[in-house]
Structures are given as structure tokens and as C-alpha cells.
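Student: Now for the letters of each chain:
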Amino acid sequence: MAMPILELRKLTKRFGNLIALREFDLDINQGELIGVIGPNGSGKTTLFNLISGYYRRFEGEIIYRGKRISGLRSDQIARKGIARVFQSYVLYEDATVLENITRCFYLICKTNSWQSFFNTSRYCKEEVTQRAEAEELLQPVGLAEFRDSLAGKLPYGYCRLLALAMALATNPTLLLLDEPMAGISHEEKGLVINLIKKLGDQGITIMLVEHDVKAVVDICPRLVVLDFGRKIADGSPEEVTTDRKVIEAYLGVEEG
Amino acid sequence: MLLLKSIRVHYNKREAVKGISLEVGEGDFVVVIGPNGAGKTSVLNVISGVINPSEGEVWFRSERIDRLAPEKIAARGIIHVPEGRRIFPKLTVMENLQMGAYLQKDKTKVERELERIFHLFPILKERTRQRGESLSGGEQQMLAIGRGLMAGPALLLIDEPSLGLSPLVTQHVAEQMTVINREGIAILLVEQNARMGLKLANRGYVLTNGDLVLEGTTAELVKNEEIRKAYLGL
Amino acid sequence: MKKVIPPVVGLILVLCFPLITTDPFILSLVIEAGVWAIAVMGFVAILRTGEFSLGQAAFMAIGGYASALVTINLGIPFWFGLVVAGIAAALVALALGVVVLRLGGIYFAIVTLVFGEIVRIVASNWQSLTRGATGLTPSAPSTIHIGNITIDFIASKVPFYYVMVVLVLIAAVVFWRADRSRLGRIFRSIASNELLAEHMGIHLMKYKVIIFAIAGFFTGIAGAFFCHFTLFMGPTTFDVWDSIMILIMGIVGGTSSVVLGPIIGALVLSAGGGYLTSALMVGMKPLIYGIIVIVVVVLLPGGLVDLGRYISRAPRISSMPAVRRHKKRGD
Amino acid sequence: MPPVAVWMDGLLLSSIYILIASGLVLVFSIMGIVNFAHGQLYMLGAFLIYYMFARAGINYFVSLIITAVAIGLLGIAIERGLLRPLAPNGLLPPVVVTLGLIFLFEGIATLFFGPAKKAVPSAVPGVSSIGALTVSNEKLVVVAIAVAVMIGLYFLVSHTRMGLAMRASAQDPYTASLYGVRRGRTLSQTMFIGCALAGIAASLMAPLYFVDPWIGLTPLIMALLAIVIGGLGSVLGAVVGGALLGFSGTFLIYYLGPWSELTAFLIVIAVLLLRPEGIFGRPRA
Amino acid sequence: MKKKLMTISVAVLALAVFLMLPACRPPEPEVATLKVGCIMPFSGPASPWGDAIKPQMEVYAELINEDGGIKIGNETYQVEMFFADGEYSPEGGSRAAKELVYDKKVSFIVGYYGDGFPATAAVTNPEKVIFISKEHPDFDPLGKHPYTVIGTPVIEFVDTQILAFVEAYPGTTMVGDLESTLVEPMLEKEIAQAKAELEERGIGLFSQTHPVGITDFTTYLVKFDEEGVDLIYTWAATGYVAMMAKQSAEQGYDWHLCQAGTMLDPYEFAEMAGYEAAQGTMSDWPCPWALKKVEVSPELLEMAGRIADRYQEKYGEPMRYMGGFGYGLQHMSQLFAGLEKAGTLDPDQIMDTFKGGTFDTFLGEYTLSGEKTYGSLLVFGYPNCLSKLEGYEEVYASEHPILEIP
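Protein chains in written order, with this note's numbering: chain S, 157 to 412; chain W, 239 to 472; chain D, 69 to 399; chain E, 273 to 557; chain V, 10 to 415.
Note that these hints are calculated values from the structure, not bench results. Everything hinted at is true.
To be clear about the criterion: a stretch of chain V counts as covered by chain E if any three or more of its residues have a C-beta under 8 Å from a C-beta of chain E, and this derived list gives those stretches:
1. 50–63
2. 213–223
3. 246–253
4. 256–264
5. 280–289
By construction, the Cβ of each residue, glycine as well, lies at the ideal position given by its N, Cα and C atoms.
Work the whole structure out from these sequences, hints included.
Tutor: Here you go:
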């Protein structure tokens, strides 16, 4: 644990006159589970957009495993092992659930495009194993029985689960989860929480943006609180939830 | 004045609002609070007719208004100030205000309304010729509310006015809302910032996950520990 | 095994076609349809990454000119001319793709349309090379003698027919394999959701340029073949109308399959249209084309390929590929 | 400096490009699609003028107004009947339909009006001499009307309630609907205005040139070029692009002859390379 | 859903019916017939020419058949005409030729009006179908295209035509030449030759090229004015010449406008250009009965008259367009004269007869050179009979026949 896996240095993002994120600093260590919370519009999603390369023009620096990744394209960042699950459900809606997963194996394919083009036996074998892997990935999120239905026709909660499974398919080192629990049922929520915990046990570093503070507190040993584009707190759930600034950010300033 | 009877909303089979009933009286100031994703915005969208509820009824001044087109509802005096302000970026401040009065045919009334808004938000008067996109967040929020007022509403639905605003600006916007309400316009405020919402309104509803968990006068709600739990998950 | 039967039967039918009729009129209509089918396959392949090009005929023109020029000026045989044509068109597609594929959706369509006009204007003005509107007169492939067998491209259309069949087959196999292999998965990912695809590590530009260049390669070959078949290559041989016709053939044939739809579309509109020309009143042909396009788009978005499914009311999995309106992105 | 006649001609060509391009842009900015059949609407408008003014002898200005309205109504029919129902299916189906309409309209025109070139007599015959300079009255009137129409369009879009609604709806249809703007109506209004502009352009140009079923393509391509130069979605861009093409066209003809044609395209390529979104386009990516 | 299905079925049915249409053809006639094909544009912007010449050719064939037909050897043949749409493009020409040769089984193709003769000849040659057409730089009647004949030497006559125009206006000092980028490369050599010949007479020539499809020539006209041009020669099609006339008048220019082609309809031309502006416009006018220096055989002169009369009778309006006598009708007369002389239908013998033979045509007696004559190989002569527009009528202006064939 000599070096943090991800270092964010003075990240600032402006939209015209609006500053969505200002001078944001954060170090994340390998295997850490970090919850990022904050009221609506506090800059959480913007933060993810910067890390995942969705926005490429901003101030500050992002260093991943000692190398600067700010300014790179999303696909280059993904190639380095950073996977992202989007806030609203972003899926290949016109493909089946299974196909959604297999499409995410792009980065971990062992055969190249030519082998795939000529349908070599190695490629065929890989296809078969990938299919099996995909089915395996569907098991823990409980989507195995939906493998052949169109992703666009899935109930909302399942979409979130699928998105999670897809992020896992890329075999990430760092996982950015943007509100994986928004709008899903209680049982599903339990599923997701367990899953995230299990991933954490596997050593995957996870950054979790979530509104459901209860769930975040449940999962993450470390919380970062954003308000108005600034980091206002960073620490254990107990410290954070009793922090006056945090409470004010959420509930408003108390009288007097 | 406004009555919602067990409204349900589905997005893509997902139930976002699970049977909510709600009431706003004439000249009332009601707040709906709750964490994000609780379905607050969906409720406003149902009232203003942007989305149709899958179940339930909306009544306004003893007239059923669900299933009416948004412009029909706006014509009846329900004006929605949307979340994120949604100023028309390329229109000037003046034009943004004029858009608010789109359905208002009476020119003198529009003039009067404009006077009132400039009185309420003097900063807007200085910026009438600037484009909407050039305003700061707080100014945009004032413009959004001003634009809503231009329609001469009986009921103003305001969605998260504090979104992304600094506490100081939020404070200012809050004061203006109180002034507006005092002038006789009923307000249905949707807010995440619970303390501010509860301070301003006289009645409140608490939503989590599409369910109504609490309702009552703000005086009662302020003391309720449930709210803190709902928010911070403690 | 069942899956193999229809294509095999189809291929046998195609190969036996000259036994059914050697009528050069019918054969030339079918040969021309084959040429268009290749171009349409390219168009559909690009479309299936979510971009639609209105300048595909420009690549036919580039291929046609490239082949005509090298065969006439350097005396290179027709067969190498085809390859040169393909490479030239692919290189131009590569360069154009790098510049304009950044612009999504309708921008791309407009710019490719404009590109087609540029090619036409350069061809008609660069007289020292292209001889302007006078055009070039490439010749048919020279007669081949293999033992006792003589293949004469001038006396009969049948050799051309088989060359066309081979070219269509090669193009079909390449596009089909590309569609079925991982490349196809990548293209579908891009078409389905660019944002997600990019975040899954797919370099959008790279793959879009690749398919644009592959399509350009085959489209160029198609153009070269066509000009050696009709023995003429001029600035208006492949123009804006042809680009639009390629799009229309693609849509009418159906974009749900990368091979069958284009072939059906080209056969119906190019061969069928050519067959009808003399039977119709002036103005009827464009009118019918227009009506066919609108009827297909409104009632049968999957194209003619989807007709069977439509009539049997089986669930249709296909419709037109989603084409982005705009790139939405902050700065 | 080229002679005044060349300036005048540039002005004339600019007028036609601007009228057509701004109609296209207007429709695009609200509906998000380019109506590729716009040039054919122009062609139909020219035939209308021919039949009303040249054949039936209706007063030119009355014919012009009727043509504008008729083409506008045809635009509404296309928008309501074809484009609007297809809009939810993405960009491709409506665009393909407009491409199909090109063939449909050309077929109809050939079938019903015949392929021969038709002549529309000058509405304002004669020439005016100002010193050594001779300008046809027709061209003066055309430029005057085009300028008036563009000023009218500017006024309509920027100073009327309808224009405000159009602009608001183009920027944010959701919020506009909250304040009572009916999207469907705005779409129809925009299509009407955009297509009426094509009708006006046709009415202005028909007496200067001839009318046949194929006159739609060149103005369409020039208008598309103007739009690419000026930026998609900006009427100001269409005006600047159209003027650039119109004047550069005639000036370059004067100095370069036929290569002028290529030069116009080179301008477009330069714009695409340096500023892909066009001069007045919103930067993207 | 059902309704949608119905609509689809109807559409498919309609499509099928359309596809069946060409299959329903009348049975073959039993009398000996001469199948003559003709490729002209019947769709697209050039279609008015096809539409104008086709009825004239039909009338001619009709009259020949009424007179008993064409006597070739011992057999008399009725003439059957087949027309195909060449769309004025090489591909269209090629497609139309295929249709005529392969499908309609014609033995001759005449009156090709369009671009890309080589593409068309490539279809007719292997089938030994005799193809009479106009001239094209890549058109090689004795080499690559042995079964083709240049019926109208359009390119060669450029310099004599310019001379004819200049002769009609003796005071000319400067000729302006305005061509599209389409035809400019074709004419380059001829224009240079004309320039040299004009210079001998102390007349200058100033050439300009314009892009295809433009309708506004004002800038070019301004340049002509600056160069002091007083006669403009152009290959542009009638509609565009009308635009030049109109725009000249608008600029107040006063020069003679001369178009290389025939005027499609003098009335429409005058309407398009404006009555005043159109006056004096000169055109090619291959009108047999108006020829003054060339002698036409009495039978053909009579036939020309009968064609005009029958045309008037059949269509209720006078035959205004004379281009037929330069293209379709002329080619037919050339072909029939050759066939009667050859006395056989064998294509090789017919071609042998053509080479160096002398024939009566609508435009006088002409000799086909078997040798290089006017810079090309196998060619009929052509008199440059020119007209001038007066009122709504074309009237005789001048004539410069190509007579000397070695």
C-alpha cells in the first residue's frame, strides 16, 4: 500500500458560470470502498464524468496507478481497468441480456479481430467460454432466467443489476458505481449491497455514489461528502453522519 | 384547491410514485421533502400534465385535470418551475420572462406582472438584455421563478430551487418565495433541503422511495426524528 | 444443418442462372444489380454502426477512375485494376473518415453528400487526368484462354456474370463474417449505445473508420467493375442520385441483414427498375421509387427482407438502426 | 474590384441561397432533421407560379403569396402526415422519407407538368439605367423582396410571440410546454414558414430562369453548403453562408472561370477542417 | 393490424403487376420487318429532345410503310421502330442499347441523342448491330467500333459553323465562345482551329468555360462585354441559350447569340428569353426545303414535306422542330439509302457499302469517306444551314455546306 491507486488533484470543472466541482482532492487506496454522498447537484456525477473521461476538458489532474490519465478518452481509461456504471440505466437496449454481457468482454478478449474474422478454433473456443462466463455473471444478480430477453424490456430494477454485471464483465480494478440503488426494490437492494461487498472482498476498489445514505453507510467504511462542488467531509460513516456541516448540507442550516 | 388522489406513476414498469394523495389549499404553502429518487419531481410532472399517471386523479378547483395537455393546465393557473431551472439559454432574460407570459393575452397585466417581478428580483432588471445562459446559478433560479410568475399563476410548483446554490443565495431565494406566497399565490415546493422547506412552508409531506411516509404541519414535522433517518439513513 | 440449406440452394440457383437464361439484357440487369448490391452492403455496414453516408457513390467513382486510369495508362490488366480501385477508394475513405466521422448523425450525411459533389467536380475539372466530361473508356477484361476453354468477355455476358457473382460473394462473406465476428459485436455496440461502448473500452473512431474504409474498398471495386462492364467512366457515372439510390436500395431491401437485404434491395430497385424503364410513362419510375420508399419506411421499417416475418406476424426483431441525432457531450 | 453587374449577380444568388438555406435551418433547428426534399418543394413552387402567373394570368404578387402559402401547407402536410409519426423512430426514417419525397415530387412534376422547360415572363419587365450601369428591374425587385422577406423572418422569429415560442421550443421543448407552447403546433408553424420560404424563393427565381422538374437539386446542394459553412441550426449562419457562396461564386467566376465551382467546395472543406460545427454553429465534443 | 396487412398486400400486388407489365407484349408480326431501334432521352432534363424527335421518326416510318416499305435485294421490308430511354447518360445509353439489342432484337440503332457513345457502341458492336450516331472524341468507327457510322459530325462542323455564323453577320470583329465544362474538352481542338481560321479574317475569338447546370451567366457576359465581343457562339442547350439572351438584354448588351444546336421550339424560346431579347438568335436549322446551296433529291424533299404534313395532321400543330432532319430522320434516311444500295441485310456487306459510298439524304447527297476526311474516319457530311429567330418564327439566315469530299 505504498501508493494510492487513484489520486485526484485539485479537480475543477466549470459549465459556463457554474462551477460543478471545485478543487477536489482525494486519494483512494487499493481495495478501498469509498462512498461519495451529497445532496442533489453537489457534483458527484460530475466527479465520475471526469474520472471516466466523459469530460475531457477540466482543471486539475487525475493520477491512476502513478500515471496521469486526465485528458484521455473514455475507452483509453476503460482499457486501464476503470469501469463505470451509469446513473440512469445505460444499456444496449436492443440486445439480449446475455449479449449485453458478452459485449463487455471486449477488453479481455485473448483472440484478436483477425482470428475472430476467420472464425478460428481458438476464437470459437473463446466464444463458448465467454458465453459460459457471461451466464456465470448473470447468476449472482439473479438475471440468469432473463438471459434471452431484450435489455430494453427489462424491469427497471433488473436494468440496474444488469448494468452492474456488465461493469464486472470488464474485470475492473476500479469500479465507479453511480447510484446503483436508485429506484430499485428492497430485495434487489439487498442483492446489490451483498454483491458490492463481495466485490470489495475480491479486492476491487470501488467508488460508490449513492443517495441512499443508509446503504452507503452499510457498505463503505469511508465516506466522502460533497456539497456545492466542494468536499466537506471525509471519514468513517460515524464521523461523517454526525458532522454538522454534512447535516446542514442535507437538511439545511439550523435556526440560530 | 389542488387535490391528488392516490397517484401512481410508472416509468418503464418501474413504479416511481406509489399511490400518493396530497392537498394544497388556496394561498397555501406546502412543501414536499425527501431524498433524491423519492418521486418528488414525478409528482410535479403529473400535476403539470407532462406525464400521465398510471392511476389516480388530479383535481384542481373542483375540475379534474389529469389527462389534460400541459398548456391546458398552465392556462388554468398551475405553473411549474422545473428542476434545474431550465432557463432557455439562448433567449434573453426578457424573452425568458415573456415566455412565462406566453398564454397571457392581457398586455397590461403582463406589464404589471413584469413590474412586480423586477421589484422582487431587481437583479433581473439589470440583465434584461443578457442571454439566459450568461446568468449565475442564483440569478437563473430567480429568473425561473420570475418566469413562472409571469404566467399569473394561482399555484406555483417549484422544484428544488436550492439545487446547486450556495446557502446564501438559497436563503435569498427562500425569502422571495415567502413574499410571493404572502401575495396570495399558493406554492407547492419540492425540496431536498428539508430544513429550509419546513421553515418556509406551513404544511409538509415527506416522501421516500415513492411512498408518503409522513405528513403534517411543518411545526410538527420539524420535530420529527424520522426525517433525519429518512435522509441520513440513521 | 437446416441453416446451411437455404444459402446453398440459393448459391446453386445463382450459379445456374445463366443456364435458365442467357438473354444478355436480363443478364446485364442482374450484373448491374450485383454491383449495386456490393455498394449497398457497404452502406448498410456503415449504417449498422449508427452513421449514414450519403456519399457512397463517390467511392464507386473513385474506384472507377482509379481502375480506368491504371488500366488505360499503365496497361495493367483489369483484375489488378479492381484491386487498385479498392485500395484507392479505401484510402480516400480512411482519410475522409478521420476528418468527418467526428461529426455525427445528420452532419455526417450532409458532409458525405457534399463530398460526392466534390468528387464529381474534381473529375469534371481535372481534364488532364480524367478527360473531364468526355470521360474515360476502360476496356473489358481481355479474353482468357485456359487449355481449350476460351472466356470471352466481349462476345457474352456470362463471364461478367460469374465475375460479378464472385465479387458479390467475396463482399458478402467479408461483410457477413465481419458482422458475425467480434467486429460485428463492436459495431452493434457502437450503434446501440455509443456512450456505453466507449466506456467499455471501444475506440469509437477507430472502428467507425475501419468499417468506412472496408465499405469504401468494396464500393470502389464495385465502381471499377461497373465501369469496365459499361466501358465508360465519366464524372456523372456515379453522382449524388446514385448515392441516394444506394441508401434507398439499402432501406427498401432491409437493414436487418447485412447481406440479404442489400441484395434484395438492389435486385428489386436496380434490376426491376431497369426492366421497367421502357414499360413506364416518363416520370413514373421516380414516382414509383418515391412511393416504394415511403411505403417501406412507414409500413415496413425492416425492409423487404422483413416481409415474410411481417406477413406471418412473427415478432420482428429488426427495424432501422438507430442513428444518433447529435453527439451530446459537454466540453 | 469586379464590375457592379457582378456584385448585383452575387446579391441575387445570395438571396436565393439564403432564402432556401434559412428555410432548411429553421426546420432543422426545431425538428432536428434536414428536409432533403426542400429543393423539390422549391421546384413545385416554381411550377405553381408558372401555372398561376404565366398561364392563368393571376397578378404576380398574388401568385407569389398563394405559392408561398400552398408550399407552406404542403410542408405542414409532410410534417404531420409523415415526419411527425416517424419522429419517435429516430433520425433515419424521417430523413429517408424526405429523400423518397425527392423522387416522388420529381415524378409527379414530370408526369403532370411535363419535362419541357417552362418560361415565366418577367413580372417587372424592363431595365433601369443608372449612369453607365444597367440593371434589370426584375433583379432589383427580387433582391428587394428577398431582403424584405428576410427582415420579415427576422422580425417574426425574434419579435413575435410565435417566434419566441419557436425558439423556446427549439431550445427546450419540455420547459416550453410547461408554459403552454404546443409542440405540435410549433412544428407545423415552423414547417409552414420554412417551406413557404422555399415557395417564395421559387416565385422570385422562376421569372429570372426557367422551370422544369429538375431545378430543385442545385439550390438544395448550395443551401446545404451554406448551412455547413454557417453552422447547422443557426439562421444567421445560413445567411452568412449563403452570402459567402453567392458572392464568392460570382467573384470567382469572374476571376477563375469554371474552377470557381470547386472553390466553393474548398471553402466548405476548409470550414470543416478548422471549425467542423460551422462558423456560427455551437461547438460540440 | 389487419388494415396494415391489407395495405402491404395491395402494395406488393401493385408492384408485382408493374413487374409483369413488360411481359405482356403483342405477338410478332408475320410480314418481313426491319427492326430499327432508337435511343433518345425520354426522362430527365434532356427528354424534350427525345419527345420532339420520336413522333417525327414514327411518322416517317409510317409513311415508308404506307409506300410499301424498303426494298432490299428482292425483298420488301416494313419498318418497325423501337424506342428506348437513354437518359442522356452513358449508363442509360448502354442500358437502352442492351434493351434494344438483346430484348427487342433490333438490327440497327439510329438517332442516338446523348453522351457516351462508346458505352453504347460497346453493346452494339459485338452483336454487329449497325449504330448510326453523332460524333464523340472516343468514337472510333473504323478501329474499335467497326459497325458504327457517324451520321452527324457534330464536333467537326464547329469551325465551319462558326464561319457560317460570322458570314451571316459580316461586321463581326470578336467572337465569344461560352461552353460548359462538359463540352469544352470535346471542342478544344475545333475551337482552336476556328480561332486560327477567324484570325486569318481578322476576327478574334475569346473562350470561356462555365460549370454544368448554372442558369445565371451574367458574370460571363460581363467578361464578354469587357473583351468587346459582338457574336457569341455556344453549344449550350436551348434553355440555357435563352437564359444567355435574357441576361444579355438585362445587362443592355447588344450582340448576336448563336447556338450550335437546333432550336427546340422557337415560340417557347422567345417566351423564355423574353420576346425582344430573343430576336435575332441564330441556330442550326437542318430544314430540307429551306436549303439554298445544297440540293436535296426530289423524293426526299417530297418525303420531308409529307412528314411535315402528316405531323400537322396527326398532332394538330405544325412541325416546328427541325432537329429531326439533323438526327433521327437524317440517320434513318442514311440507313435506308445504304440498305437499298447494299441489297442485303448482312452487316459486313452493309458496312462495305457505306465506306466511300454516296447517298441521298434529307440534307442533300453525301459521300461517306472510307478514309480520313475531316479529321475523323467514317462520316456523313452536314450542311450548316442556319436560321435566325424573327418574331416567333425561324427564318433562313445563312448556309455553309461541307461539300468537298476527296
